[in-house]
Amino acid sequence: MGKFFGVVLALIALLSAYPIVTHMFVQPVDISTHGHAIDEQLSDTMAEAGFAFLGAQLLLAFFVWKYSNRKPGAKVTQIPGGAKLMVATAFILVGTEVLALGVLGQKAWADVYFTPPKPTAMTIQAQAGQFAFYFRYPGADGKFGALHPDKIDEGNGNYFGLDPANDVEARDDIVSGELAIPVNREILLLMHSKDLNHSFYVRELRIQQDFVPGLDLAIHFTATQTGKFEIVCTQLCGLGHYNMKAYLTVLSQDDFDKWLKQKASEQ
Amino acid sequence: MQEHSAQVAHVHAPPEGFIRKHVFSLDHKVIGKQYYALGLTAVLIGMVLSWLMRFHLVWPAAKVPGLELLSKVGAPGGVITPEYYLSLLTMHGTLMVFFVLTNAPFAGFGNYFLPIQIGAEDMAFPRFNMMSFWVTFVAFLVLITAFFIPDGPPISGWTAYAPLSAVGNDAGPGLGWGQNLWGISIAIFCIGQLLGSLNFIATTLDLRTKGMTLMRMPASTWAWFITACIGLMAFAVLLPACILLILDKNAGTSFFIPAGLVVGDKLQPHAGGSPLLWQHMFWFFGHPEVYIAILPAMGIVTHVLVTSMRKPMLSAKVIIYSMMSIGFLSWVVWGHHMFVSGMNPFSSLLFSFPTLTITIPATIVTLIWLGSLYGANIQINSASLFALGFISMFVSGGISGFFLAQPSIDIYLHATYFVVGHFHMVMGVAAIFGIFSGTYFWFPKMAGRMMNETLGKLHFWLTFVGTYCIFMPFHYLGLVGNVRRYSSFVDDFMAPLMPVHKFITIAAFITGAAQFIFIYNLVHSHFRGKPAPANPWNATSLEWSMPSPPPWDNFGGKHPVVYHDPYQYGVKGSQGDYVMQDSPESIVEE
Amino acid sequence: MSTTTFPSPPSTAPPLPPNGSGAKVAGTRPRPGGHGQSGVWVGIFAITMSFAAFTSALFVRQGSGDWIHVVVPRLLYVNTAVLLLSSITLEMARRAFMNSSALDSGALRNNTLRWLGITLVFGFAFVVGQYMVWRQLAAQGLYLATNSNSSFLYVLTAAHALHVLGGITGLVRLSARLTPRQITLRSSSFANTAIYWHFMGVLWIYLLLVISIRL
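Chains A, B and C are the protein sequences, given in the same order. For the first sequence, the working numbering assigns the number 13 to the initial residue and increments by one for each residue that follows. For the second sequence, the working numbering assigns the number 320 to the initial residue and increments by one for each residue that follows. For the third sequence, the working numbering assigns the number 41 to the initial residue and increments by one for each residue that follows.
For the record, the hints were derived by calculation from the structure and aren't laboratory data. Some hints here could point you the wrong way.
[What the hints assert, rightly or not] Here are the in silico distance ranges between beta carbons for each label pair:
#: 1; chain 1: A; residue 1: THR132; chain 2: B; residue 2: TYR640; range: 49 to 57 Å
#: 2; chain 1: B; residue 1: ALA381; chain 2: A; residue 2: LYS87; range: 55 to 63 Å
#: 3; chain 1: A; residue 1: ALA100; chain 2: B; residue 2: ALA381; range: 52 to 60 Å
#: 4; chain 1: A; residue 1: GLY94; chain 2: B; residue 2: HIS845; range: 37 to 45 Å
#: 5; chain 1: B; residue 1: HIS843; chain 2: A; residue 2: HIS48; range: 54 to 62 Å
#: 6; chain 1: B; residue 1: GLU387; chain 2: A; residue 2: GLY167; range: 13 to 21 Å
#: 7; chain 1: B; residue 1: HIS843; chain 2: A; residue 2: GLY93; range: 43 to 51 Å
#: 8; chain 1: A; residue 1: PHE103; chain 2: B; residue 2: GLY571; range: 47 to 55 Å
#: 9; chain 1: B; residue 1: TRP378; chain 2: A; residue 2: ALA29; range: 25 to 33 Å
#: 10; chain 1: C; residue 1: THR224; chain 2: B; residue 2: HIS845; range: 39 to 47 Å
#: 11; chain 1: A; residue 1: PHE63; chain 2: B; residue 2: HIS845; range: 29 to 37 Å
#: 12; chain 1: B; residue 1: VAL457; chain 2: C; residue 2: ASN139; range: 40 to 48 Å
#: 13; chain 1: C; residue 1: TYR246; chain 2: A; residue 2: THR132; range: 48 to 56 Å
#: 14; chain 1: B; residue 1: SER666; chain 2: A; residue 2: ALA100; range: 30 to 38 Å
[Claimed, not checked] Partner residues are not named here, just some residues of chain C that face chain B (Cβ under 10 Å, in silico):
#: 15; residue: SER78
#: 16; residue: MET89
#: 17; residue: SER96
#: 18; residue: ALA97
#: 19; residue: VAL100
#: 20; residue: TRP107
#: 21; residue: THR186
#: 22; residue: ASN187
#: 23; residue: SER188
#: 24; residue: TYR194
#: 25; residue: VAL195
All C-beta atoms, glycine included, are put in the ideal place defined by N, C-alpha and C.
With the hints as extra help, turn the sequences into a complete structure.
Following this line, the structure appears as structure tokens:
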């Protein structure tokens with residue numbers, strides 16, 4: 013049965029690797045400026061993981077195949093090099109992998125988190141609440157009106173709790189259920205939670221960031237392709253979590269200006 | 320002052336009566352079996368819950384006949400609602416992580432075999448030990464009660480992130496008394512585990528028999544000892560966290576809830592709390608917890624493999640030191656669960672380095688196992704098959720962890736099925752394989768009867784292939800961005816992935832059904848199995864030097880003497896190719 | 041693989057000199073009663089970890105703005121003195137118990153019980169005193185949920201008081217074992233209970249420092 017184990021395991025290993033090697037399941041096309049670093053990291057890791065996975069599984073399969081059900085009286089032997097060799101191999105293999113990926117991987121992370129947004133970035137505020145995303149544009153004055161949680165009135169469309177009567181800055185704020193942005197323009201997204209932990213995840217943008225109640229978080233990104241993309245919530249927030257989404261619409265600058273004007277008139 | 324006589328004195332008198340022998344027993348062996356039985360009960364419930372979840376994901380509108388009897392509100396007409404799906408998910412995770420993976424390999428086998436493997440008559444504190452089981456049992460009952468109350472079980476996941484878990488029913492069903500019961504259950508569970516860990520540590524340090532130096536303890540004992548050390552610290556932190564959560568929920572405090580939250584149209588009367596504080600406290604416990612789940616399995620598998628290979632590991636010391644490093648490093652990596660949580664991104668980088676570094680001891684252990692297989696004389700049986708299968712699963716699960724350890728990749732893979740695939744591979748499969756391996760190995764000793772080998776092998780093959788069929792596809796789904804903890808997949812994006820989900824669901828049903836072969840084997844062998852000799856595997860450690868099953872006081876009131884390390888295989892022993900640990904005969908290499 | 045039964049090795053094997061990896065028959069001999077000490081220290085370690093968790097929660101919470109200094113009632117310091125005194129009286133009790141020059145076991149018992157009794161009184165006084173501190177806080181309008189400072193004050197003192205109650209249970213058990221007929225108390229049990237009790241004092245000093253400096 014040892015031989016059977018070897019064969020079955022080898023088959024499992026190869027079958028498992030097959031969908032990866034043939035790129036059956038890959039992430040959607042990257043539409044961001046920082047995403048290529050992440051994708052490269054992912055693919056480097058996949059290559060190393062692939063070698064490690066196949067190497068270990070096939071070695072296990074082979075050893076069990078060869079060293080089980082041996083002739084009676086077979087002598088047991090030790091692998092040349094012994095434990096020292098195993099330890100050295102682990103340190104060298106993993107050490108280099110870890111260093112390489114860990115150190116190199118910093119760049120992708122730094123691109124997202126340690127690069128400040130350009131002063132020309134367009135600021136938009138996102139609010140997450142059970143079970144919808146809303147977005148707010150600052151309007152002509154470039155300023156956001158204050159948020160008043162006690163004034164939130166979803167029935168009347170006041171999702172953010174704005175008080176235009178008393179806050180001058182709130183009067184020209186534009187609220188939308190859709191996140192429309194111009195292509196090739198850096199966006200600074202301010203993230204506010206109305207109630208609980210949520211998360212902002214756009215696969216094509218290679219962005220994922222939690223909303224934390226009580227914390228003012230912000231992320232910035234630039235989309236390089238027009239189109240309509242899903243924003244989904246990825247932090248468990250209640251029964252409607254599975255259905256909590258919005259759309260990111262990336263438009264040409266002209267189309268975006270038109271859209272914004274149209275939205276402003278609807279407020 | 321009076322001292323007890325320095326001669327051998329029994330730790331406690333022989334038990335009499337059914338209650339003392341089998342229910343409120345001070346005997347570590349009975350307590351170990353009780354923990355194992357509790358783990359078995361929990362895993363069966365957890366498995367059924369996973370069936371319900373997989374069923375709902377693929378056929379969301381379908382009826383589960385009879386489910387409306389369990390919850391009229393959660394499953395009206397037998398159709399699982401989105402909130403009930405989350406309840407099932409929460410209870411599945413809670414039961415599996417706490418009541419299965421912390422119970423069976425650690426409290427179960429550890430209680431039974433740690434004292435025996437070090438030559439002790441019982442644990443250091445038998446009364447605390449009995450208490451630890453019954454406290455854990457009460458925790459289990461409290462948790463299960465959540466199924467039967469109107470509020471239903473909580474919907475916040477086994478991770479119970481605040482504020483969702485802290486604001487009550489304004490945020491949804493199950494978050495009122497359901498969440499309270501969860502918090503109380505886990506708090507009680509912490510106390511049970513602390514008592515247990517205390518016992519393991521004191522026993523290992525103080526009750527080793529003559530000749531049993533620390534380095535002569537078997538790998539399984541080392542694993543239980545290290546796990547107990549980790550558990551002591553981990554559960555000591557989870558307990559305060561649960562207390563603070565319960566206070567936020569019921570006493571109006573604001574440890575985790577900031578000001579200005581509007582939940583369910585209600586402005587919440589809290590201020591100043593930090594949701595990230597819950598995450599830090601929880602994961603400070605939560606990460607070591609997953610090593611609590613895997614380390615005993617690593618120890619058991621090492622122990623079983625050595626016997627099955629008929630040769631010692633290349634270096635037992637290296638394995639032990641690696642387990643210690645894993646235990647040590649487990650304390651400084653908790654932030655890798657929080658890379659995109661809103662935590663300081665610099666912290667994320669800091670956490671990623673020790674996370675990646677844990678790969679080193681994990682790889683060392685794996686290479687030692689693999690390298691030891693070279694030149695071995697592997698005896699294939701159910702126990703060794705599961706041990707070998709463990710190596711395969713540990714490799715698979717560990718490698719996917721390597722992706723997630725890098726924050727930049729985690730941006731994309733966080734909260735997708737890739738993560739779910741990773742932790743199920745290591746915890747839901749590898750650790751379970753450790754439990755299975757230990758069961759097939761030690762059942763003869765515990766029950767005095769042999770298990771059915773044919774059924775055992777059948778169980779192995781169905782489970783080995785089945786779990787790969789279930790969990791390997793999770794990784795693929797994650798790579799395309801399939802989000803986790805969704806009760807249904809309603810997007811066009813998901814439509815082409817549904818066949819994969821169907822495949823997983825069917826594999827889950829078949830693999831789950833195969834587990835009943837194991838249950839049948841356990842029960843049938845318990846009553847009708849062939850009587851087991853003292854040492855059916857020609858093994859060397861102390862548990863094999865006593866009858867099967869062992870007498871109530873293990874070593875008959877004497878202290879065994881140990882002459883060498885526990886893995887003398889491949890030598891010219893008087894009884895075969897091995898020398899038992901308590902045998903004074905000299906070791907002659909083959 | 042055969043499963044023939046091999047005879048178990050004889051339990052009274054001739055003492056052959058072991059060789060190879062079994063160089064010395066070294067290692068510990070199990071100590072009856074000795075493991076109580078490991079148990080107490082392990083328990084103390086776990087309790088320390090729990091309070092460390094509470095403390096770090098406190099430090100994290102202090103990051104937010106709503107920190108209002110709490111004026112701690114004077115009674116808290118009186119209670120502190122009572123607890124520390126109880127450690128002294130417990131030490132007197134332990135010395136009385138260990139005093140081998142008191143050959144008359146009756147006198148041994150009475151002396152020990154006397155000091156134990158005083159310790160218990162102080163212990164109870166501490167717990168009751170803490171309760172009275174809470175009443176005084178409530179009179180000031182400071183309840184558990186009033187603000188984050190008061191929350192931590194109540195939680196820390198309550199958690200500590202609960203553990204002190206556990207210590208009191210231990211002391212009561214010690215007293216019970218000093219029965220008239222035959223003293224069934226090991227000196228190690230006494231020492232271990234004492235270690236736990238002294239730790240309650242040490243822990244309290246730490247909490248008092250945290251409370252008075254940070255809250």
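Status of each hint after checking the structure:
Distance hint check for A/THR132 and B/TYR640: the Cβ-Cβ separation is about 55 Å, which falls inside the suggested range of 49 to 57 Å. Between B/ALA381 and A/LYS87, the C-beta spacing of about 59 Å keeps the proposed range 55 to 63 Å intact. At about 55 Å, the beta-carbon gap between A/ALA100 and B/ALA381 stays in the expected band of 52 to 60 Å. Against the hinted window of 37 to 45 Å, the Cβ-Cβ separation of A/GLY94 and B/HIS845 comes to about 42 Å, which satisfies the hint.
A hinted range of 54 to 62 Å for the beta carbons of B/HIS843 and A/HIS48 is consistent with their spacing of about 59 Å. Here the CB-CB span from B/GLU387 to A/GLY167 is close to 33 Å, at odds with the stated 13 to 21 Å. At about 46 Å, the beta-carbon gap between B/HIS843 and A/GLY93 stays in the expected band of 43 to 51 Å. Checked against the hint of 47 to 55 Å, the C-beta distance between A/PHE103 and B/GLY571 comes to roughly 53 Å, which is consistent with it.
A hinted range of 25 to 33 Å for the beta carbons of B/TRP378 and A/ALA29 is consistent with their spacing of about 31 Å. About 40 Å separates the C-beta atoms of C/THR224 and B/HIS845, a value consistent with the hinted range of 39 to 47 Å. A/PHE63 and B/HIS845 have their C-beta atoms about 45 Å apart, which leaves the hinted 29 to 37 Å range violated. At about 43 Å, the CB distance of B/VAL457 to C/ASN139 agrees with the hint of 40 to 48 Å.
Between C/TYR246 and A/THR132 the beta carbons are some 53 Å apart, a value that agrees with the proposed interval 48 to 56 Å. For the pair B/SER666 and A/ALA100, the supplied restraint of 30 to 38 Å holds, since their beta-carbon distance comes to about 33 Å. With a least beta-carbon distance of about 4 Å to chain B, the hint placing C/SER78 at the interface is held under the 10 Å criterion. A distance limit of 10 Å between C-beta atoms decides the matter here; for C/MET89 the minimum to chain B is near 4 Å, and the interface restraint holds.
A hinted interface residue such as C/SER96 counts as satisfied when its beta carbon comes closer than 10 Å to some beta carbon of chain B; here the least separation is about 8 Å, so the hint holds. Proximity of C/ALA97 to chain B holds as hinted, the smallest CB-CB distance being about 6 Å (cut-off 10 Å). Annotation: interface hint on C/VAL100 holds; nearest CB of chain B at approximately 5 Å, less than 10 Å. Checking C/TRP107 against chain B by beta carbon gives a least distance of about 8 Å; that is within 10 Å, so the hint holds.
With a cut of 10 Å, the hint placing C/THR186 at the interface with chain B holds, because the nearest CB-to-CB distance is about 9 Å. Interface restraint check: C/ASN187 against chain B, minimum CB-CB distance 8 Å, threshold 10 Å, status holds. Nearest Cβ of chain B to the Cβ of C/SER188: about 5 Å, under the 10 Å cut. The hint holds. Interface restraint check: C/TYR194 against chain B, minimum CB-CB distance 9 Å, threshold 10 Å, status holds.
Nearest Cβ of chain B to the Cβ of C/VAL195: about 7 Å, under the 10 Å cut. The hint holds.
In terms of the numbered hints stated before, the structure departs from hints 6 and 11, listed from lowest to highest.
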